[in-house]
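Asker: In case you want the letters, here they are:
Protein chains: 2
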Amino acid sequence: MGYKVAPLARLIEQFERFPGIGKKNAQRMAFYVLNLTDSDADDLAKTIAEAHSKIHRCRVCGDLTDEELCPICKAPNRDTATICVVEDPADVLAFERSGEYRGLYHVLHGVISPINGVGPENLNIKSLLSRLNNDDVKEVIMATNPTVEGEATAMYLSKLIKPLGVPVSRLAYGIPVGADLEYADEVTLKRAIDGRQQF
Amino acid sequence: MGYKVAPLARLIEQFERFPGIGKKNAQRMAFYVLNLTDSDADDLAKTIAEAHSKIHRCRVCGDLTDEELCPICKAPNRDTATICVVEDPADVLAFERSGEYRGLYHVLHGVISPINGVGPENLNIKSLLSRLNNDDVKEVIMATNPTVEGEATAMYLSKLIKPLGVPVSRLAYGIPVGADLEYADEVTLKRAIDGRQQF
Numbered sequence: 006m007g008y009k010v011a012p013l014a015r016l017i018e019q020f021e022r023f024p025g026i027g028k029k030n031a032q033r034m035a036f037y038v039l040n041l042t043d044s045d046a047d048d049l050a051k052t053i054a055e056a057h058s059k060i061h062r063c064r065v066c067g068d069l070t071d072e073e074l075c076p077i078c079k080a081p082n083r084d085t086a087t088i089c090v091v092e093d094p095a096d097v098l099a100f101e102r103s104g105e106y107r108g109l110y111h112v113l114h115g116v117i118s119p120i121n122g123v124g125p126e127n128l129n130i131k132s133l134l135s136r137l138n139n140d141d142v143k144e145v146i147m148a149t150n151p152t153v154e155g156e157a158t159a160m161y162l163s164k165l166i167k168p169l170g171v172p173v174s175r176l177a178y179g180i181p182v183g184a185d186l187e188y189a190d191e192v193t194l195k196r197a198i199d200g201r202q203q204f
Numbered sequence: 006m007g008y009k010v011a012p013l014a015r016l017i018e019q020f021e022r023f024p025g026i027g028k029k030n031a032q033r034m035a036f037y038v039l040n041l042t043d044s045d046a047d048d049l050a051k052t053i054a055e056a057h058s059k060i061h062r063c064r065v066c067g068d069l070t071d072e073e074l075c076p077i078c079k080a081p082n083r084d085t086a087t088i089c090v091v092e093d094p095a096d097v098l099a100f101e102r103s104g105e106y107r108g109l110y111h112v113l114h115g116v117i118s119p120i121n122g123v124g125p126e127n128l129n130i131k132s133l134l135s136r137l138n139n140d141d142v143k144e145v146i147m148a149t150n151p152t153v154e155g156e157a158t159a160m161y162l163s164k165l166i167k168p169l170g171v172p173v174s175r176l177a178y179g180i181p182v183g184a185d186l187e188y189a190d191e192v193t194l195k196r197a198i199d200g201r202q203q204f
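So the protein lines, in turn, are chains A and B.
Throughout the first sequence, residue numbering follows the numbering used here, covering 6 to 204 in sequence.
Throughout the second sequence, residue numbering follows the numbering used here, covering 6 to 204 in sequence.
Source of the hints: derived by calculation from the structure; they are not laboratory data.
Some clues are possibly wrong.
Copies of the same chain are indistinguishable here, so a pair counts whether it falls within one copy or spans any two.
Computed list of lysine-lysine pairs in DSS-like fashion (alpha-carbon distance at most 27 Å, straight line) [stated by the list, open to error]: (1) Lys29 to Lys131; (2) Lys28 to Lys9; (3) Lys9 to Lys79; (4) Lys29 to Lys143; (5) Lys51 to Lys29; (6) Lys195 to Lys164.
Just so it is clear, the structure is predicted and the values come from calculations on it, not from any experiment.
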């Protein structure tokens, strides 16, 4: 039985479409909105409209930005010899949180997935190749997700990139730090053994 | 390390304020918004603004509505002799989903909670008493949550209502249907024994 107050029902329905938000959570979110002050509610609606209209892809790497170049491509202190290729803007955030990587990124906005009708032509690949042709890039690190589709996309890209004479590497597979070996799956364990390193 | 693109950072921050939404989820929600079509994003912002401006409390019961009376107070086929007192609009939804209750509601919009600075004067109590004075109400059912504060609020209200000559009842405590006795807490078990019924 749905709510009979139309504007509220519409609001709950809008929130239900968000990823990872179920019926109950959408309801709680809607009640939260109704309890906001007038200016906070106004702010929320405006922030959504503004973010959607102002944010687009960086001309160079495809990451999200509200200027021509994203903050990372624009930064003077990044190592421009390395490009880390990721699936989504969220992956850039994850790397930046770790603070370990000082190179540039390239965001594909997806993976090759014939089942979902996503081919190489639907991804941000062309501009990656032109970056490799023009720039002084010394290494490309593939950091697609360790899924079948992520792997296939990395393979596909590495075959395109190698003829250009740029070395391509891949993130290491292995046991995640802090995990319990007992619960590691077989494939991960095999990869961890294959990739073992000398003390 | 936060995101450096200001409109996106603001959007994520807005979503983080929602109840039950953590950092990761707020990020996913923000990316969902950026991937909407122009008209869908516009719709979302407008639905939020509209719901917030149009929805207010029902003049009679305090539940949420976009008209003078809520759909339940306005309905011709409800049993007007019974009023079920609940904490929040979400509780009305829960009762309506069960479809078992045909009476009216009264929404307190909170519970008495000295720690949080909420006294009886902050709740929707006055209009409840005036409903009992004027209407042909034969029973009030207390359906506040089974917490210390919910209980105390129900006790407080029943003391106010009894002098008006209206019987006050409380929801039954006991084992939830489908639950496993093994995992029931002691207080619930004690209440279930105290409230046992004859076959």
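Asker: Taking the hints in turn, state whether each one holds.
Answerer: Evaluated hints:
no.	hint	result
1	Lys29 to Lys131	neither (43 Å within a copy, 30 Å between copies)
2	Lys28 to Lys9	within (15 Å within a copy, 32 Å between copies)
3	Lys9 to Lys79	between (51 Å within a copy, 12 Å between copies)
4	Lys29 to Lys143	neither (50 Å within a copy, 33 Å between copies)
5	Lys51 to Lys29	both (25 Å within a copy, 22 Å between copies)
6	Lys195 to Lys164	within (25 Å within a copy, 69 Å between copies)
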